[in-house]
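**Student:** What follows is the residue order along each chain.
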Amino acid sequence: MASESLILFFITAVVLVGSALIFSSIVPPRSNNPAKFEPYECGIETYGETWLQYTVGYYIFAILFLIFDVEAVFLFPWATIIREAGMTAFIEILIFFTILGLGLFYAWKKHALKWE
Amino acid sequence: MAFDIYDFTSLTSSIHEGLATFLPPVGVLIAEWLLVGISVLLFVAVFGLILVYLERKVCALFQQRLGPMRVGKWGLLQTIADFIKLLMKELITPNKADKFLYNLAPFIVIIVTFMAIAAIPFAKGLQAIDFDIGVLYVSSVSSLGVIGVLLAGWSSNNKYSLIGAMRSGAQIISYELSVGMSLITMIILAGSMQISEIIQAQSTGWFIFTGHIPAVIAFIVFLIAGTAETNRGPFDLAEAESELTAGFHTEYSGIKFAFFFLAEYVNLFIVSAMATVLFLGGWMPFHVGSLDGFNAVMDFIPPIFWFFGKVMFVIFLIMWFKWTFPRLRIDQILTLEWKYLLPVNLLNILLMTLIVLMGWHF
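Residue numbers (our numbering), protein chains in the order written: chain A, 342 to 457; chain F, 69 to 430.
Treat the hints as calculated values from the structure; they're not laboratory data. Think of the CB as a built atom: it goes at the ideal place given N, C-alpha and C, for glycine as much as any other residue. Careful, some of the hints might be misleading.
What the hints assert, rightly or not - The calculated BS3-like cross-link candidates involving lysine-lysine, where the alpha carbons are at most 30 Å apart (straight line), are:
1. A:Lys377 <-> F:Lys157
2. A:Lys455 <-> F:Lys407
3. F:Lys157 <-> F:Lys141
4. F:Lys390 <-> A:Lys455
Said to hold, decoys possible - Label-pair restraints from in silico Cβ distances:
5. F:Tyr408 <-> A:Lys451: 12 to 22 Å
6. A:Leu443 <-> F:Leu385: 30 to 40 Å
7. A:Asn373 <-> F:Arg397: 33 to 43 Å
8. F:Asp72 <-> A:Ile440: 45 to 55 Å
9. F:Ile369 <-> A:Trp449: 43 to 53 Å
10. A:Thr429 <-> F:Gln132: 55 to 65 Å
11. A:Val397 <-> F:Arg397: 11 to 21 Å
12. A:Ser346 <-> F:Met366: 26 to 36 Å
13. A:Ser372 <-> F:Lys167: 12 to 22 Å
14. F:Phe130 <-> A:Thr387: 36 to 46 Å
Just need the whole structure built from these sequences, with the hints factored in.
**Tutor:** Shown next as structure tokens:
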């Protein structure tokens, strides 16, 4: 099949989830009780806001991920043609990895990789 | 209708020609789409049910129990009964939730798994779409699942859900790197990103045997990172029952919960299928050098059985991890990825490049 058929898989998934949700919102018996629609936490009423500022630690890892993921995008085409490109490409990637490694080393020494 | 279990191209082309005799081209396209759509739906439903049953049986095996035994022979109908029960449960939307995003999240996780299945090669000629960039496609599409998880956790307006989603997000994006780099290591060896070409390149020997030490290292890293990416134990702290109730899907009930559950198992299948394609030769039979008699016997087993046999082997390994190792803490998970797997992967890529350039591989 051609690549356009990818939309078929999208439609199939939407149909599966959509039809199941429609079925489940019509057929099963319903009962109304105000307590049922409260957040499920500890049994007592929930305290304070939930949507608030969150630990900065996750943010640091997200930035690190971004750097290395962009690098991976560069590596994919490089990896497919390495046989034709030969030794030159190897030296180049060595330089590339050295710079990257220095970046990782810097983050490590700055305790950015430490969870606190 | 020509049916050859060793090569499905004859079956698909005969279906195509058979339809073309009495339908216009648009009709052929719609009929084929219907056929493929229904078979993918059936596959996901049946395989998901089988995997849930298998998980419970494997868990029971490791804990010296019997597992589900009541519904049907050896409890074979247990997961079907569970599915019907979940389908007949009332759907609850918490009144504080962001209703649109809350309902969107199950769609996203399921759409992502279906899109990834499009590129999985089940047997020779039994692959829906053979992309030029198949490996990159699968890894990029399956990493979109984290959006569904984050949406689910955030929109529920529940503190446990938010914590679970944040942990899961940090974990999935971190291990995404290791998965990607193990894939790059194997792409260097294969010299192509097209899945059919990668499998064809393994007709003389699977990459895990021909790729020397780097392939073995990449396989181990891929297994660890793949386990983490599917949020399975020992990396299941996103849904750590004892501290977070159920993590990001705490507020989901009935069939919406079932979809998160299904997505987890289909993702498990996709990770195992990618491990099979890249390391264990996809649907290629096992061959040993010049032992022609042995090779002929191996060739007699149809490729589709080879594929599912290998996938089941990898799935069993990942289930084994889940029921053997204790759960890691978030700092341990991030340390493992950033201080161990990532540097090892970078060195591994260089080693593999050197081996390929020098022609040291078999």
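**Student:** With reference to the structure, classify each hint as holding or not holding.
**Tutor:** Each hint, compared with the structure:
At roughly 14 Å between alpha-carbon atoms, Lys377 (chain A) and Lys157 (chain F) fall within 30 Å of each other, so this suggested pair holds. Annotation: proposed proximity of Lys455 (chain A) to Lys407 (chain F) holds, straight-line Cα distance about 10 Å (limit 30 Å). Distance hint between Lys157 (chain F) and Lys141 (chain F) is fulfilled; the C-alpha atoms sit about 26 Å from each other, no more than 30 Å. Among the hinted pairs, Lys390 (chain F) with Lys455 (chain A) is consistent with the structure: their alpha-carbon atoms are about 26 Å apart, no more than 30 Å.
Between Tyr408 (chain F) and Lys451 (chain A) the C-beta distance comes to about 19 Å, which sits within the given range of 12 to 22 Å. At about 36 Å, the beta-carbon gap between Leu443 (chain A) and Leu385 (chain F) stays in the expected band of 30 to 40 Å. For Asn373 (chain A) and Arg397 (chain F), the Cβ-Cβ distance of about 41 Å falls inside the hinted range of 33 to 43 Å, so the restraint holds. Checking the proposed 45 to 55 Å range against Asp72 (chain F) and Ile440 (chain A) shows it holds: the Cβ atoms sit about 53 Å from each other.
Evaluation of the 43 to 53 Å hint for Ile369 (chain F) and Trp449 (chain A) yields a pass: the beta carbon distance comes to about 49 Å. For Thr429 (chain A) and Gln132 (chain F), the hinted distance range of 55 to 65 Å is satisfied, since their beta carbons lie about 59 Å from each other. Separated by about 18 Å at the C-beta atoms, Val397 (chain A) and Arg397 (chain F) satisfy the suggested range of 11 to 21 Å. Between Ser346 (chain A) and Met366 (chain F) the C-beta distance comes to about 33 Å, which sits within the given range of 26 to 36 Å.
Here the CB-CB span from Ser372 (chain A) to Lys167 (chain F) is close to 20 Å, well matched to the stated 12 to 22 Å. Phe130 (chain F) and Thr387 (chain A) have their C-beta atoms about 37 Å apart, which keeps the hinted 36 to 46 Å range intact.
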